[in-house]
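Novice: Sequence:
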Amino acid sequence: MLSRRAPSRICREGRLIGARAMATASSPTVNVGLLLKRAPIILRTLTPFEHAYYHYREVLSLKEARPFNPDFYFKKGSTAEQRWLEAQERAEAEAGKLGEKYVPVQPKEEELLALQVASREGAKEKEAEKSLDRKGERTLYLLVKGKDGWRLPEGALEGSEVLHEAAARHLKSTIGTRSETWVVGRTPFGYHGTPQRKTFFMKAHIISGRVEPKIGDNFAWLSKDEIQERVDVEYWKSVCGMFAEL
45 MLSRRAPSRI
55 CREGRLIGAR
65 AMATASSPTV
75 NVGLLLKRAP
85 IILRTLTPFE
95 HAYYHYREVL
105 SLKEARPFNP
115 DFYFKKGSTA
125 EQRWLEAQER
135 AEAEAGKLGE
145 KYVPVQPKEE
155 ELLALQVASR
165 EGAKEKEAEK
175 SLDRKGERTL
185 YLLVKGKDGW
195 RLPEGALEGS
205 EVLHEAAARH
215 LKSTIGTRSE
225 TWVVGRTPFG
235 YHGTPQRKTF
245 FMKAHIISGR
255 VEPKIGDNFA
265 WLSKDEIQER
275 VDVEYWKSVC
285 GMFAEL
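Numbering (the numbering used here) for the sequence shown: 45 to 290.
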């Protein structure tokens with residue numbers, strides 16, 4: 045036999061279930077975003093101060109080195125001795141131009157002298173934004189262009205997936221399977237939310253390989269300052285802390 049309080053309890057439970065259903069129906073979708081980065085592939089250009097510092101260190105180490113006796117290392121009249129003497133003449137002339145004291149130097153190998161230094165600029169065309177070889181001194185990030193404009197890649201979770209599993213799947217579906225990539229950790233690195241969608245970002249690295257995006261031509265590898273110019277202000281406020289300065 046039901047007590048008098050049973051109907052009111054049932055009503056309360058019914059209202060609670062209904063409220064939960066409404067909350068579930070109106071709750072935003074959860075997406076996983078990808079912060080896919082390409083680390084710098086060459087050392088950055090030194091500043092004038094850094095150049096002066098390393099030059100000072102080199103001169104100081106040479107001055108503190110043991111005296112060099114060429115008669116011990118080179119046979120009189122040999123080609124090796126001639127190369128060493130020519131290197132000293134060049135170093136002495138250079139030191140005189142700079143007003144510095146001459147310090148004996150080691151001659152460079154012919155193979156090293158014949159090497160040509162590659163350009164640090166890379167491709168300058170607009171299409172170069174799709175190349176991983178651009179801006180070798182900077183960290184680059186993958187951005188895609190969709191209905192909301194330029195954004196970091198993102199996608200919905202499927203089934204019972206957790207964030208790092210969805211990130212690995214979405215990474216392959218975005219750039220293909222012919223590149224070596226990996227998702228860092230299992231916890232989100234950043235967050236961007238709207239009333240309709242909550243996006244948790246996972247960090248990933250691309251190490252090598254060939255990028256064959258399945259998103260068409262609407263993608264670009266951009267540095268932090270370039271990203272700020274592409275995305276809208278509100279989105280930038282949410283994601284700006286995730287990018288490296290260099």
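These are calculated hints, taken from the structure and not from any lab test. Fair warning: this is a prediction, and the values are worked out from it, not measured in the lab. Ideal Cβ positions, reconstructed from N, Cα and C, are used throughout, including at glycine. Where hints are given, some of them may not hold.
[Stated by the list, open to error] Pairwise CB distance ranges, derived in the manner of DEER restraints:
{"id": "1", "residue 1": "93", "residue 2": "204", "range": "23 to 33 Å"}
{"id": "2", "residue 1": "203", "residue 2": "160", "range": "20 to 30 Å"}
{"id": "3", "residue 1": "93", "residue 2": "221", "range": "23 to 33 Å"}
{"id": "4", "residue 1": "172", "residue 2": "111", "range": "48 to 58 Å"}
{"id": "5", "residue 1": "111", "residue 2": "231", "range": "52 to 62 Å"}
{"id": "6", "residue 1": "261", "residue 2": "141", "range": "46 to 56 Å"}
[As the list claims (entries may be wrong)] Quick list of in silico lysine-lysine cross-link-like pairs, BS3-like style, CA-CA up to 30 Å:
{"id": "7", "residue 1": "107", "residue 2": "141"}
{"id": "8", "residue 1": "247", "residue 2": "268"}
{"id": "9", "residue 1": "258", "residue 2": "242"}
{"id": "10", "residue 1": "120", "residue 2": "81"}
{"id": "11", "residue 1": "174", "residue 2": "107"}
{"id": "12", "residue 1": "191", "residue 2": "107"}
{"id": "13", "residue 1": "81", "residue 2": "216"}
{"id": "14", "residue 1": "268", "residue 2": "174"}
{"id": "15", "residue 1": "242", "residue 2": "191"}
{"id": "16", "residue 1": "174", "residue 2": "189"}
{"id": "17", "residue 1": "189", "residue 2": "281"}
{"id": "18", "residue 1": "281", "residue 2": "268"}
{"id": "19", "residue 1": "107", "residue 2": "119"}
{"id": "20", "residue 1": "120", "residue 2": "242"}
{"id": "21", "residue 1": "81", "residue 2": "189"}
{"id": "22", "residue 1": "281", "residue 2": "258"}
{"id": "23", "residue 1": "281", "residue 2": "242"}
{"id": "24", "residue 1": "189", "residue 2": "268"}
Novice: With reference to the structure, classify each hint as holding or not holding.
Specialist: Here is how each hint holds up against the structure:
1. 93 to 204: 23 to 33 Å: At roughly 55 Å between Cβ atoms, residue 204 and residue 93 fall outside 23 to 33 Å, so the hint is violated.
2. 203 to 160: 20 to 30 Å: violated, 54 Å
3. 93 to 221: 23 to 33 Å: Since the Cβ atoms of residue 93 and residue 221 sit about 45 Å apart, the hinted range of 23 to 33 Å is violated.
4. 172 to 111: 48 to 58 Å: holds, 52 Å
5. 111 to 231: 52 to 62 Å: holds, 58 Å
6. 261 to 141: 46 to 56 Å: Holds, at about 52 Å.
7. 107 to 141: OK: residue 107 and residue 141 at ~19 Å, within 30 Å.
8. 247 to 268: holds, 15 Å
9. 258 to 242: holds, 24 Å
10. 120 to 81: violated, 56 Å
11. 174 to 107: Measuring from Cα to Cα gives roughly 49 Å; hence the hint is violated.
12. 191 to 107: violated, 64 Å
13. 81 to 216: holds, 15 Å
14. 268 to 174: Answer holds: residue 268 to residue 174 is near 16 Å, not above 30 Å.
15. 242 to 191: holds, 17 Å
16. 174 to 189: The given pair, whose Cα atoms are some 13 Å apart, holds under the 30 Å limit.
17. 189 to 281: holds, 18 Å
18. 281 to 268: holds, 13 Å
19. 107 to 119: holds, 25 Å
20. 120 to 242: violated, 78 Å
21. 81 to 189: Within the cut-off at roughly 17 Å; holds.
22. 281 to 258: holds, 28 Å
23. 281 to 242: The hint holds at about 15 Å.
24. 189 to 268: holds, 16 Å
When the structure is compared with the earlier hints, violations turn up for hints 1, 2, 3, 10, 11, 12, 20 and for no others.
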